[in-house]
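Colleague: One-letter residues, chain by chain:
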Amino acid sequence: MENKKNGGIRGLIGQRGVGQVLTVLVGLVVLCAVFSFINPNFFGVRNVGNLLRQIAPYIIVGIGQGYVLITGNIDLSIGSVLGMSCMMSATLMCFGVNPLFAIAITLASSLVVGILNGELVARCKLPPFIATLGTMTICRGLAQLVNNNRNTDSIEKQLGEAAKVFRVFFYQGFIRIGELKIYNTFVIAIAVWLVFNFILSKTRTGRHVYAVGSNREASHLSGVNVARTIIKAYVISAFCACLVGLIQCATTGTGTMDAGTSYEMYGVAVSVIGGISTLGGTGILAAVLVGSSVWAVLDNGLQLAGSPVALRNIIIGVIVIASVLIDVVRRSGKIRLFRRRAA
Amino acid sequence: MQANEGRFIVELDHVSKSFPGVKALDDVRFRLRAGEVMALLGENGAGKSTLMKILSGVYQKDGGEMKVFGQRVEGMTPKRAQELGIAIIYQELNMCQHLTVAENMFLGREKKRGIVLSQKEMNRRAEEILKKLRIDIDPTAIVGDMQVSKQQMVEIAKALSTNARILIMDEPTSALTAKEIDELFRIIRQLREEGRGIIYISHRLEELQHIVDRVTILRDGQFVTEMNYKDTTMSEIISYMVGREIKEKFPRVTCPKGKKIFEVRNLNAGRMVRNVSFSAYEGEILGFAGLMGAGRTETTRAIFGVDPRESGQIFIDGKEIAIRRPIDAIKHGLSLVPEDRKRDGLCTKLSIRSNIELPNLDIVTGALTVVKNGLVGRMVETAKKNFSIKMPNADVDAGSLSGGNQQKVVVGKWLARTSRVVIFDEPTRGIDVAAKVEIYHLMNRLKQDGISVIFVSSEMPEVLGIADRIIVMCDGRITGELDIKDATQEKILEMATDFESKFVAHA
Chain A
-17 MENKKNGGIR GLIGQRGVGQ VLTVLVGLVV LCAVFSFINP NFFGVRNVGN LLRQIAPYII
43 VGIGQGYVLI TGNIDLSIGS VLGMSCMMSA TLMCFGVNPL FAIAITLASS LVVGILNGEL
103 VARCKLPPFI ATLGTMTICR GLAQLVNNNR NTDSIEKQLG EAAKVFRVFF YQGFIRIGEL
163 KIYNTFVIAI AVWLVFNFIL SKTRTGRHVY AVGSNREASH LSGVNVARTI IKAYVISAFC
223 ACLVGLIQCA TTGTGTMDAG TSYEMYGVAV SVIGGISTLG GTGILAAVLV GSSVWAVLDN
283 GLQLAGSPVA LRNIIIGVIV IASVLIDVVR RSGKIRLFRR RAA
Chain B
57 MQANEGRFIV ELDHVSKSFP GVKALDDVRF RLRAGEVMAL LGENGAGKST LMKILSGVYQ
117 KDGGEMKVFG QRVEGMTPKR AQELGIAIIY QELNMCQHLT VAENMFLGRE KKRGIVLSQK
177 EMNRRAEEIL KKLRIDIDPT AIVGDMQVSK QQMVEIAKAL STNARILIMD EPTSALTAKE
237 IDELFRIIRQ LREEGRGIIY ISHRLEELQH IVDRVTILRD GQFVTEMNYK DTTMSEIISY
297 MVGREIKEKF PRVTCPKGKK IFEVRNLNAG RMVRNVSFSA YEGEILGFAG LMGAGRTETT
357 RAIFGVDPRE SGQIFIDGKE IAIRRPIDAI KHGLSLVPED RKRDGLCTKL SIRSNIELPN
417 LDIVTGALTV VKNGLVGRMV ETAKKNFSIK MPNADVDAGS LSGGNQQKVV VGKWLARTSR
477 VVIFDEPTRG IDVAAKVEIY HLMNRLKQDG ISVIFVSSEM PEVLGIADRI IVMCDGRITG
537 ELDIKDATQE KILEMATDFE SKFVAHA
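These protein sequence lines map, in sequence, to chains A and B. By our numbering, the letter at position 283 of the first sequence is numbered 265, and the numbering carries on one by one without gaps. Each number in our numbering comes from the position in the second sequence (counting from 1) with 56 added on.
The shape of chain B in the complex, shown without the other chains (with noise of 0.2 Å):
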């Protein structure tokens, strides 16, 4: 396809957005051709939402220039960019289940005579537009009584019928079937022989070489380069995503390696947990690194019994223990320090006291299940001094303490009792500098006491500085393991990204 010949339909120049404490783009520029399809490349957290939130007016830039089809904008709306043919397709689709497929199509544009709906001819100009990318779906079929792949359809069309002329496509290729991904990419090819731009942004790298002309990629907030997909290889593509200076220090400990403490075989839940099987050791980190939604979260979950899973083996200590509720894995010395602390972690509308004695109430209750407020306050104090929880007393609502205390309290509240492995999920997350050493420095201690730590996290530094063995998934599987002394950012992301191919390869 003749990709440079196309004008410059999107210019992004300086742009810059900030978050209440992150600076999420930093002069970043961007730029797309009419006729082409650009992928827009980065790790989770890179910018590449946001960026694309800003040129569909969902989010205003701070600083910047952006033009479309060579007119400067300022003050984008979503509505705006839908009137200069902006159409972004998220990866969440945003259908109404109980409308229509023409409904949902015209919804916000409804077509009318008067104040009564024109509905015959919604329903026509759906087909129309159906027709014409040959997808094969009733108009007037209800959105959600078909699969997720047939709605991604939907969105697809649904942009189309406003007439876009740039398309945003935010992991278009999650949910689709080869034969579907197949068809989406004809599709996408029709509609850049038509002369639009489509901005596509993926983690399955491996799919790029069907159909993407050029490369922008972004890493942590900044541009780093932007290039002809043909002109390079998957390997620089990788080095420029992840090949920042890890600048910062991190507290690692040595310990010999203990006897096998954990082990999990042939773990089976759903699609984002599939055929999980690894070891965890005395005196080791074991980290697991990947993308956001790589089944890791998934796989803690399942572990520890929040979850169904539908197989699989757990043993502690060589023995096979029974986990169907969470329960059943405290008592056998599991914990786990969840994802998002204010809602699995914490209850923020209950005091720090209430929090530390919740998971502990076999220990400090006494005959009639009466709780020993002696034997409370003992604990709170002792988890106070370990993990320099910072509350002005045990009292206050845990909601009120700082992101980086709250993680404490929920650590607090787990290591309260004996347990022999303990399980964080994004540990650090939201939390500032200060804090993320302390969790560190805990995790270490951990460690030297014995008891097994599993840790994980997307933030690749991290994990490469705190870990002694990585573990990494992608998309539900085990796609790789690494000894610390292996690891590099970019052998991580090889395998993060390792996705099972759904193509036979054709041109």
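Pulled out of the complex, with its shape left as it was, chain A reads as follows (with noise of 0.2 Å):
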């Protein structure tokens, strides 16, 4: 045989891109032995508790961010639809619209934008970087109109109990394990990680992604639909940026209008940590999920460190190129180059 056959972890999680998340794991665990010497509370109840409330949004914005680049995309405007969703859910219950016919609305609105961006990339042919910054600053323009360019007041003032319970649900209730408390936030961010890694290592839609980003041209002659395809990744997308919107907004009971600034580089960043290419085709789901628990964990733990907040950007900026750059330098050792037709 010529090479190795695929089994045990292989098949559970998907072939391409575990050697990278296993390499991560390994990094990350280093990262918190060393953080737990520096300041034992670090592995301190309470602090767990708390870290994994604060991973649960960069995983789910990197769910979306991931599918967009495995399909060999980007998508520039999760943010903005985060501030979008936030304000928007936000400012229809202050008027004391249910909680549910909220959320409703504004899933609707951000998937409309979703298909937009996939239209446009897919079908209209414009480069995705440029797609989508367009449709940033519309979703930012709308998050600034929609209350009439100021922050609202507290989702509770109108709603009451509903807005608590809506609360609750998104941000502040827990499961209690022991003395530990794993947020709603949390779980949350676990369910819909397990659903769309389903999709993307059991489905067809999944594997399509791959094929899409891996070699649009041979899809297109194999029959599959890659306008769909890349549709479908950027709905993905703009559902994760409106959930982790919802959430914002059942965090601090209000919508803000600059909710979700920077949010979609936090999104390629944690994908691409765990070994997820910005060149499409290759890279696991499980990537976001040590990508974003290193992110967290460094965050969290310089944070414990005493470090400021400036110093944790740069080290976060550092990490980033260095894994786009592991990234590069394997991939150009396996580039195959084909015969070139010419004269």
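A portion of the hints provided could be inaccurate.
[Unchecked claim] Here are some, though not all, of the chain A residues that point toward chain B, as calculated from beta-carbon distances under 8 Å:
1. 184
2. 192
3. 193
4. 197
5. 200
6. 201
7. 263
Hints listed in this document are in silico derivations from the structure and should not be mistaken for laboratory results. Even for Gly, the Cβ is constructed at its ideal location relative to N, Cα and C.
Both chains are given apart, each in its own frame, so use the hints to dock them into the complex.
Modeller: If you want it as structure tokens, here you go:
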């Protein structure tokens, strides 16, 4: 047999990109060890609970951006859709709209943005960077427009109890395991991850996502509906952005116009750290789990170690560049040069 | 093999196809029987690829009739072709590099239970097919990790997994070693025995004898002939492929051949340029003929310093020069008018003026590298006059000009400097007849001015019409050199298809 058979872990979570995930996992363990050495509170029950809740938004955003990256595109509008969704749901609830309706309307609007992104990139053939830059600006504008360029009041003012339920569901609630509080936010993130990981690794849609990112033309010639696949990826991304927007609304109990700023970049960062390539076609969704963990651990750990915010950003930035560099170097060794057709 | 026994599974009659400016297929006839290997032969541009793309649904025919397995077919699409059992394996592989063999084989036709992919079943089925063809590849291996030859095997297995009864193979052996070709031919024979029909497109005429039953020959978009392979000879095939009457008159000028200006010795640059050596003289037009993929463009690029080279020496006027980058070539008086003028020859979004200025900045700049617009203006005027460039003014985008005029701008910018050697790569491609003639006159003028002109062309009539001496390349090597008085189309094609035999012949 030419290459070794794949079984075990590879069979479980898909083949491509397992290597990098495991490497990063090791790095993560080392990081945790270092930080808990610096500050023993790190692994304290309270900190872990908070940590997991902090990771959640990154995981969700990473899932959305991850899908789009694997198709070989990018979604710059995630942060703005997040902000728009935060403002929209908060504004609606401040006007007394039932949370369920508010969520439904917000979700619908976000999905429209996702479809728009997909159409612009797949059918109008706009470069993804430009298309989503455009929707990013539009959605940020809508976020400001929704409540007349003001942040909203508390959603509990008009709705009272219903709003409290909303906040508990998305942010404040938790499951107690002994002394540890596992917040709902984290549970939601894991649930979402499980669903989308299943789709990506076990369904035809997921297979097509990889194929389109790996070789668009070959996919097209094989009968894959390339446009539809790309649109699906962008819709998933918009869904994830919307979800985090709702979480954000539940966090503060209000709507903030600049919620979600830079979150699309965080999405790229956590995907890339875990091995999803910006060139498409490769990487598993578990990448997002380890990537978010590294990010949040660094953030939290450095905070506990007393480091200033600026330093955290610099360190995180360096790690992102390092991850992409590793990806590029690895790929260049594997590029097969086909014969060029020329005279 | 009983090739004459099978029924017709493909019948194409009076098929025509035109693209803007060119009639690719004109009243073409094609037949394929079950259980036979049919070679489809013709020069580059004869229409083979277009015909196959029509059969496989990538293009729509303009006129004519298509019958597959005896049924008339209208409105063929790639999906429909697949359903009818037609599979085409392109020369450039169409695999998703990140996916496994099995995943590629079932791309677009994935097997599933509900919404879950039945990966195990697809792997099993893939393994079955690979085993049946006796191809030793693990279905769970990632395609990108495999050699090109193995990837080609996967493409064939993929075609078979769709139960293709009609297989079209375009240059299947180009990337294979002798042993792998053996394997491939064994598979083809097996498929033939199963009653499938195989259309085999190749320029490696020597290989045909080992595998082919019948031959169809196209020339300049028209059907020439169809016959049993064993009823014909290689020279007969070649003369059918090129035996056109050359009706066009080319403006040839004769002038005395001067001294040797330019010499290349033992140039090696990868697979496409192998031990290339030649000389060029003053007052001579040296033509480079050959098929696509022969390595001519790669040779020009290696000479000009565009692509890295492993070894080789270049001499101008007897003195060796070092060329590591294009600027070195330019400084020594070489000019290259590239094959793809829109991509490599011009900056289409810049003005004509900027384009002409660009390689001549050293001439037109003064102190502190400030550009002297007056000098540039004169340069543009000179080019416009010398080459009759039709332009509204010098500030329009170069990309807005017609093909012929664009080509003249490319030539014009180079000839603003004193060149000793001008290399033209497919100079008249995509240009109307009148402009072509002007380019020929241009090359003649350069020749008369004592400049060495080297020109690469895939159009045989043109090479025979204008060149004084012809060098033929095949698969990276020089396979022949002809003086114009001894050159014929047949001789050129023979040399152009003189591939190194990968075989030890056996039945």
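Colleague: Find the hints from earlier in the document that the structure breaks and name them by number, from lowest to highest.
Modeller: none
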